[in-house]
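Participant: Chain by chain, the residues run as shown.
There are 4 protein chains.
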Amino acid sequence: MTSVGIVGGAGYIGGELLRIISGHPELEISAVTSSRLAGRRVDGNHPNLRGRVDLAYLSPDRLPECDVLFLTSSTVGDLQQRSALVSRAKIVYDLSPDLRLADPARYREHYGEHPAPELLGEAAVGLPELHREALRTADSVSVPGCMATASILALRPLADAGMLESTVTVDGRVGSSGSGASAGELNLHAERSGVLRVFAPLNHRHQAEISQATGLDVRMTATGVDAVRGVQVLCRATAARGITEAEVRGVYRASYAKEPFVRVVTQKRGNYRLPEPKILLGSNYCDVGFALDPASGQLLLIGALDNLVKGGSGNAVQSLNIRMGWDESLGLEFAGLHPA
Amino acid sequence: MTSVGIVGGAGYIGGELLRIISGHPELEISAVTSSRLAGRRVDGNHPNLRGRVDLAYLSPDRLPECDVLFLTSSTVGDLQQRSALVSRAKIVYDLSPDLRLADPARYREHYGEHPAPELLGEAAVGLPELHREALRTADSVSVPGCMATASILALRPLADAGMLESTVTVDGRVGSSGSGASAGELNLHAERSGVLRVFAPLNHRHQAEISQATGLDVRMTATGVDAVRGVQVLCRATAARGITEAEVRGVYRASYAKEPFVRVVTQKRGNYRLPEPKILLGSNYCDVGFALDPASGQLLLIGALDNLVKGGSGNAVQSLNIRMGWDESLGLEFAGLHPA
Amino acid sequence: MTSVGIVGGAGYIGGELLRIISGHPELEISAVTSSRLAGRRVDGNHPNLRGRVDLAYLSPDRLPECDVLFLTSSTVGDLQQRSALVSRAKIVYDLSPDLRLADPARYREHYGEHPAPELLGEAAVGLPELHREALRTADSVSVPGCMATASILALRPLADAGMLESTVTVDGRVGSSGSGASAGELNLHAERSGVLRVFAPLNHRHQAEISQATGLDVRMTATGVDAVRGVQVLCRATAARGITEAEVRGVYRASYAKEPFVRVVTQKRGNYRLPEPKILLGSNYCDVGFALDPASGQLLLIGALDNLVKGGSGNAVQSLNIRMGWDESLGLEFAGLHPA
Amino acid sequence: MTSVGIVGGAGYIGGELLRIISGHPELEISAVTSSRLAGRRVDGNHPNLRGRVDLAYLSPDRLPECDVLFLTSSTVGDLQQRSALVSRAKIVYDLSPDLRLADPARYREHYGEHPAPELLGEAAVGLPELHREALRTADSVSVPGCMATASILALRPLADAGMLESTVTVDGRVGSSGSGASAGELNLHAERSGVLRVFAPLNHRHQAEISQATGLDVRMTATGVDAVRGVQVLCRATAARGITEAEVRGVYRASYAKEPFVRVVTQKRGNYRLPEPKILLGSNYCDVGFALDPASGQLLLIGALDNLVKGGSGNAVQSLNIRMGWDESLGLEFAGLHPA
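Protein chains in written order, with the numbering used here: chain A, 162 to 501; chain B, 162 to 501; chain C, 162 to 501; chain D, 162 to 501.
What the hints contain is simulated information worked out from the structure, not anything from laboratory work. Keep in mind it's a predicted model, so treat the numbers as computed, not measured. Take the hints with a grain of salt, since some may be wrong.
Which copy? The list can't say, so a pair holds if one copy fits it or any two copies do.
Straight-line alpha carbon distances no greater than 20 Å define the calculated SDA-like cross-link-like pairs of lysine to any residue that follow [stated by the list, open to error]: (1) Lys429 / Gly200; (2) Lys419 / Asp215; (3) Lys429 / Gln459; (4) Lys429 / Val412; (5) Lys419 / Thr330; (6) Lys419 / Ile404; (7) Lys251 / Arg410; (8) Lys251 / Glu187; (9) Lys419 / Glu290.
Only chain A is shown next, with the shape it has when bound in the complex (with noise of 0.2 Å):
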């Protein structure tokens, strides 16, 4: 068996990496930490894990060695502790955006002065479609965020067939998951419930993940809206002069074809025609469709997965998969359900 330790096992995203580890045939956890929860059981803030996990969170300086480690949120805050987290596992993969961006002046302009920007540009990208070979050998691995993975998805086979004009808008839509777990009266139930709230009206940082992946100039959008999980991008578009729906599509299908996890959703009948992250919850898939009005060229590519699974822990154990030459399905079979 792989070891796995993952540092910050208390959020949303590190109950996801415990409950797809602990179900994965091929890997064990050997340590979850928690700066907040020391000594508390695991299962006692991931409550689906009961009978799952059996394990205590260790504070981070408490880190065994081991072959894998998932770093769920920033670490460059502190690089002596990051230094010495990492060096307790051959392989990281870092799901926080510390990573995420390689060009500093980028970075800058959605997160501020990065600590250590020496680090930018050296870790593989986790994202599985778009990077399978470099990560069947990175030992770091950046994996990127909710959006940006469901609107490169949606985006790169087009942009790379030149079929798209260089502007793109991005309107995001994403449950309350995508908050963290920790409190805050912004995302109280009776705060939160019903609502549309427009909390990045321009320039959401995801879009500079997606210029980077796609060579596109990006304006993005996003929203909160009520639900707990899902991810679900608009992106409006022109497309070339003369392009039509049976090449889009075509484009689509030949890039996705053997994709394990993206499905080309463009139904003609039946309640959902098009990528709904509502049937997509706890699966790995993400589901791209599209609309085109050839009369004006209008383009609309739709990308919809769970923000924690295919938007963050999902793309990391596919990632890990690949490194390790399993089937890269191991431990993401989970079909999502309907109705729920």
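For chain A, the structure is supplied; the task is to place chains B, C and D on it using the hints.
Facilitator: Chains B, C and D alone, transformed into the frame defined by chain A:
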């Protein structure tokens, strides 16, 4: 105009008092206090009042004199401050649990030792349907709890008519606004959404109020449900031998025929045959209904209301309308929404 | 009292007309029709009106004469019946799409051939903020669509001021009540709960109304969200060169300073900084707000309202208040609830 | 591989059978029937199965022979068709109410006259925790109702231990998926969202199953809540004199220590101290817990499960695993999601 002060205007009950009073033709708000938000605009945390209430919060120690005072939360923790506050007005409505129980022993069982037991039993009860006469002259009024109000209005007519065996169970369900506006992990949207949280499996504190008001032996459970507002109580009783459905309906109708805010709901058809908080949000109604199994004598009595209105602010304003000799419905005309 | 007839009173817009009119001091309901529910009590399917509206539905062919008529759904499918209906009243408010577009070609594009194109362009537009003068005397009024109203109120002041480049995208979000009260698998709770259903990926029909009202080239997408009521529109535009935030705010404030039901919402703090339908349910407000990125000229304009009130019944009643010379807010005073 | 046929695969229980069986290493789906959808793709109405189940619905009369058959809804209305169907397989799991009650009189009371009373009492009960031995060889199995399963698992150990007085009330709460996938105004999102709908105020039909399984006098109420999935039952009982909390916990633990899918949940801290369906969606767990007031002997027993899994499809597959001598958890490993 009669001037009103609200002590503790940052919470949800305070917000509803502000909404109702700002639309009341005989009342004007002269002061709203909040220790935490002193100096901030009132519509900053009650955004529905933008353009309606143009006030800033005062520190409680700056409360001016006013005709009527509403206390929204407990003040017996600092009896000196309490005295200072209540001295500002001739008429005081206390919406906290401080004065709800007449018997110090009963209070102790649910809340601990009362800091000023001599206050108990002095205030009139702010439940117009039962205490209208006392409320015409009372200068100190204690408004009952939200689930207590619904239960008492469902139980009392039948208890008075001698139709109930003495032991009753109450199953209360309440939305997240009942937990107040203060942040806490327990009430995060991601943790509270979709729950059926049995937060009081036995002996919920409102059972003491219900016992006091009905003389019954009450056993109460409470569950937090996925709603922001709303209370529904299911009271299981055993009917005295031979009672018929027509008799139960007759007693209810006789009790509530002239009440402006209690409706007897036992429909034979339609989607809303029994009391349901969904259609009561924002209104001052308490709907009551029942089902009887004549063979076994099983009786289910149901009450529903908006916990922040008839379960708090609305009862207080209705009581004040009575005290001042105004139309009892002033400021409380809103019908509720359907669908919502 | 002015007598009112409602044709099509079984649906949700009909229900809101009934709620508002039953609380309006100058209006009385003389008839409510429903083909499907003729003979049944009105409060049977609008349970919030119990004790408020004591009427039964009439068959449309039994509609009596009345002073004012509201048509809640399309009547041009049977022009003879339509003539009979509108002949019953001097003043008619049509809340259906029948008369919303002046140009038959535009109508055809979204709804198919109009059965009576000669009716187009004759009615006044039931949007008081833009057409108050015409509404003072108009006897035939067409009330715009819910998402169109929010978009037009967000866009029009800036379009009039020449501040917008001509192409605008509109991302509309709407609750399930916008789909009406008729059963259908698509709108089952289990299928509709938690959705982000992109039911109109391109060219939603309301874009024709918005174009007509603003002169802009509008491209509209619409998504059904997990809410019963509420509309929010995100309009992406490009500001003319050099426009500042202060100028945008200035134009909005000048346009809406005297409007009783439009608020400009762009707060720097708090949980509700931009327009949000959650706090508007039951109210007649349309809140508008914006964000501007001066560097790129990106402008996001946001409108929010209750689709059944300001998006339908409320606009109609406000228009009638204007027609009759009454206070424009009569019957529309409800502030909205927070939290809800 | 063992071949499986599903009769009635268009509904929600059918969908969950398909999801579970398509991920089961020993089973393959050979046919799925639906009268209404014959000829249509299965993933058209179960969109979570896209890429997982590549089948079209068959008309029931074209059901081929298979090793195991699941019947998802009542078949006793047409006994000839029923015979034809069950003749196709050696082993049949019936998830409808048809065979759940052994006593025709009890059946009559809740469902009307049974068309084939000779079938009653013949099938084994598909509740592995109580009937594992019988299930090892049974070729005809009747799977209990969702609320019955939760109640029986909560009540039975204490009833067997003689710890309960004979009369018990059950307050069942259930999500909208329990009403099935067929359209109906009652279950429209706008009508069902936010409800606490007491659809069975007394004598819900599952009380007959619970009585049959426990020997207790059961009085059951049921409420539809705003959730898609999930059942929670609150069983109020009176403990025999002198019973302690430790004794109750001991009995539960002894009964369920070796059960793979029953967990005893009575935590002293955390947000999820008692059984809660929110964390069980998609899983095959039934969590049980309790609270005891030693002074009065009041006992509240709580059970929670996913109505479509442990309340139906999961119990059926677990029973089949037992029948075939496989690991009892095959195909049922999903842990449930938190948060969700």
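Participant: Within, between, both or neither: how does the pair lysine 419, isoleucine 404 come out at a Cα-Cα threshold of 20 Å?
Facilitator: neither (24 Å within a copy, 49 Å between copies)
Participant: Up to 20 Å between alpha-carbons, please classify lysine 251 paired with arginine 410: within, between, both or neither.
Facilitator: The answer is neither: 41 Å in one copy and 45 Å across copies each exceed 20 Å.
Participant: Up to 20 Å between alpha-carbons, please classify lysine 429 paired with glycine 200: within, between, both or neither.
Facilitator: Classified as between: cross-chain Cα gap 16 Å, same-chain 53 Å, threshold 20 Å.
Participant: At 20 Å max between alpha carbons, let me know whether lysine 419 reaches threonine 330 within a copy, between copies, both or neither.
Facilitator: neither (28 Å within a copy, 35 Å between copies)
Participant: When Cα atoms must be at most 20 Å apart, do lysine 251 and glutamate 187 count as within-copy, between-copy, both, or neither?
Facilitator: within (17 Å within a copy, 38 Å between copies)
Participant: At most 20 Å between alpha carbons: which applies to lysine 429 and glutamine 459, within, between, both or neither?
Facilitator: within (19 Å within a copy, 34 Å between copies)
Participant: Please sort lysine 419 with aspartate 215 into within, between, both or neither, judging by C-alpha distance up to 20 Å.
Facilitator: between (37 Å within a copy, 16 Å between copies)
Participant: Can you tell me if lysine 429 and valine 412 fall within 20 Å by alpha carbon in one copy, between copies, both or neither?
Facilitator: Answer is within: at 19 Å inside a copy they meet the 20 Å cutoff, but 44 Å across does not.
Participant: Between the shortest in-copy and the shortest cross-copy C-alpha distance, which are at most 20 Å for lysine 419 and glutamate 290: within, between, both, or neither?
Facilitator: within (10 Å within a copy, 42 Å between copies)
Of the numbered hints listed earlier, those contradicted by the structure are 5, 6, 7.
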